[in-house]
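Build out the structure end to end from the sequences listed, making use of the hints.
Keeping their order, the protein sequence lines are chains A and B. Heads up: the first sequence at position 2 corresponds to 2 in the working numbering, and the numbers run straight through without jumps. Take the position in the second sequence, starting the count at 1, then add 255; the result is the number in the working numbering.
Quick caveat, the hints were computed from the structure, so don't treat them as lab data. Yeah, the Cβ is synthetic: ideal placement off N, Cα and C, and Gly gets one too. Careful: at least some of the hints might be erroneous.
[Said to hold, decoys possible] Among chain A residues calculated to face chain B with C-beta under 10 Å, some are:
| hint | residue |
| --- | --- |
| 1 | Leu14 |
| 2 | Val46 |
| 3 | Thr91 |
| 4 | His93 |
| 5 | Ile100 |
| 6 | Val255 |
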Amino acid sequence: MTAPAVHVFEERLLGYRRTYRATLFTSFASPALFLVAMGIGLGGFVNQGAGIEGVPYVAFLAPGLLAGAAMQTAAFESTFPILASIRWIKTYHAMLASPIGVTDVVIGQFAWIALRLLIVTTIFVATAALLGAVHGPTILLGIPAAVLTGMAFATPIAAFSASLQNVEGFNVLFRFVINPLFLFSGAFFPVAQLPEILRVVAYATPIYHGVQLTRGLVLQTIAPADAVLHVAVLAAFVVAGTVAAFVAFRRRLVV
Amino acid sequence: MAQSPGESPGESSGQLIHARGLTKRFGSFTAVDAIDFDVAAGEAFGFLGPNGAGKTSTMRMIGCVSPKTEGTLRVLDMDPATQGPRIRARIGVVPQEDWLDQEMTVRDNLVIYGRYFDLSWPEAGRRADELLEFVQLSDRAGSRVEPLSGGMKRRLSVARSLINEPSLLLLDEPTTGLDPQARHLVWDRLYRLKQRGTTLVLTTHYMDEAEQLCDRLVIMDKARIVAEGSPRQLIEQHSSREVLELRFPPGEQESLDGRLDKLLDGRAERIERLPDRILVYASDGEAVSAALHGEGIQPDSSLVRRSSLEDVFLRLTGRSLIE
Numbered sequence: 001m002t003a004p005a006v007h008v009f010e011e012r013l014l015g016y017r018r019t020y021r022a023t024l025f026t027s028f029a030s031p032a033l034f035l036v037a038m039g040i041g042l043g044g045f046v047n048q049g050a051g052i053e054g055v056p057y058v059a060f061l062a063p064g065l066l067a068g069a070a071m072q073t074a075a076f077e078s079t080f081p082i083l084a085s086i087r088w089i090k091t092y093h094a095m096l097a098s099p100i101g102v103t104d105v106v107i108g109q110f111a112w113i114a115l116r117l118l119i120v121t122t123i124f125v126a127t128a129a130l131l132g133a134v135h136g137p138t139i140l141l142g143i144p145a146a147v148l149t150g151m152a153f154a155t156p157i158a159a160f161s162a163s164l165q166n167v168e169g170f171n172v173l174f175r176f177v178i179n180p181l182f183l184f185s186g187a188f189f190p191v192a193q194l195p196e197i198l199r200v201v202a203y204a205t206p207i208y209h210g211v212q213l214t215r216g217l218v219l220q221t222i223a224p225a226d227a228v229l230h231v232a233v234l235a236a237f238v239v240a241g242t243v244a245a246f247v248a249f250r251r252r253l254v255v
Numbered sequence: 256m257a258q259s260p261g262e263s264p265g266e267s268s269g270q271l272i273h274a275r276g277l278t279k280r281f282g283s284f285t286a287v288d289a290i291d292f293d294v295a296a297g298e299a300f301g302f303l304g305p306n307g308a309g310k311t312s313t314m315r316m317i318g319c320v321s322p323k324t325e326g327t328l329r330v331l332d333m334d335p336a337t338q339g340p341r342i343r344a345r346i347g348v349v350p351q352e353d354w355l356d357q358e359m360t361v362r363d364n365l366v367i368y369g370r371y372f373d374l375s376w377p378e379a380g381r382r383a384d385e386l387l388e389f390v391q392l393s394d395r396a397g398s399r400v401e402p403l404s405g406g407m408k409r410r411l412s413v414a415r416s417l418i419n420e421p422s423l424l425l426l427d428e429p430t431t432g433l434d435p436q437a438r439h440l441v442w443d444r445l446y447r448l449k450q451r452g453t454t455l456v457l458t459t460h461y462m463d464e465a466e467q468l469c470d471r472l473v474i475m476d477k478a479r480i481v482a483e484g485s486p487r488q489l490i491e492q493h494s495s496r497e498v499l500e501l502r503f504p505p506g507e508q509e510s511l512d513g514r515l516d517k518l519l520d521g522r523a524e525r526i527e528r529l530p531d532r533i534l535v536y537a538s539d540g541e542a543v544s545a546a547l548h549g550e551g552i553q554p555d556s557s558l559v560r561r562s563s564l565e566d567v568f569l570r571l572t573g574r575s576l577i578e
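Spelled out as structure tokens, the structure:
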């Protein structure tokens, strides 16, 4: 990171001190509720047919949910806080009056979102372990995979947020993009269950690759070539999203 | 701030800001239209003008956050287009709307701002405490910004702009929206900064603010500079020494018009008719008043006052409301 970007990161960290209690609780409660309701409740029925892909349903579900949670955290962190820093609190404007430049703002902001993802996924894994929902220590491999998945969403969504005037666009994003992706991402059931047209759509989204990568690493069922493919797709989204964010932030903040 | 001469030759020549033909366009709209001005070190320089005259756009170009469309602009003898971060490292900005983080504490707002300028944490903390004292907010250091009054927030914004010990301070309408006590407190702090040698560049649409603070100012209207000088020079050039304000009973003003013109011919430099009163611009208001009285003209009230910057301003930018 450039030195000015570090200061952007610090500002986010300082601001986080006042909200971390609430977000830490959510990071714990949300996966706990899903794992208990879906994994243990619904999983009871699924397991009557000898589990899924050779493991109990909850072990299949946990890594998928982990990637899904990273996507949702990323979507939140790259929407409201970005627009607030542009329009309401104007933190970015204050930063840009100092030696900090637009590129530093983007890099520092993304570094901060990456840390948020690391925190959320770590809490997720700890919660899952506490509930006995993990297959083994390889669950830890799910953390970097899920963080990468989250960044594949955070970077393009931040670019989108920087182009908005109000929050209406966010409602559309969450209702018609993030929520459907969460449901059909392969987190709850294999994508192979979907009709072909939806399967093709799923392959084009980062969440499909994120879930496959995370689950494959955690359950140790992934072929190396597939892992490389999924990482490459996710990395491509991160790179394209970052470039888009540089352009969108500059267009919005330097006029 | 100590600078080696080689690093900033612009200051040795005395010009902190140098603009020629400076222009800013947004699409087909011209916000700033080919303006020329210079600001010397240690000066308090003002942009006076109605809303929409182009003052803020000019300030944003000087602050290296908005690229110019055309013309020449040098700030601290550097080029904003290529040396923005280096220039911004040495200027302070008090924006029109406070860019404070309302949820953070007063002190944290300053400390984190110091970090933006790459100060160490202890140094940022030390300067924060000093500046809170300077703007008389030490007792609010630990409280959140949100419940503070408008005047306190503005003082905090001023304190924040000083965290990097700037050689040039840009203030965009520093006292708009403040009550008289709060305004005077801000003015007092700005006056102290000026005495310490900080160069101040401010925009305002308050005449009293311009007269209080500015050594020299330009009046902007419709994206252009229409006059330049010290407040005194501007009054001398664009107005009379005194103004006689006459108020008549309703209806009487119109019936007097022809007679007044004849009587005032040769005695007044200019007459301006407003719906509720007549302004007579003259070097000796009392003499004109006495002469009118001698002719049997009896206004409801007559008041002689010195010409002010407001008279200049209204003459140059017009009385009609442009919105």
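Query - Hints violated by the structure (listed by number, smallest first) - result: 2
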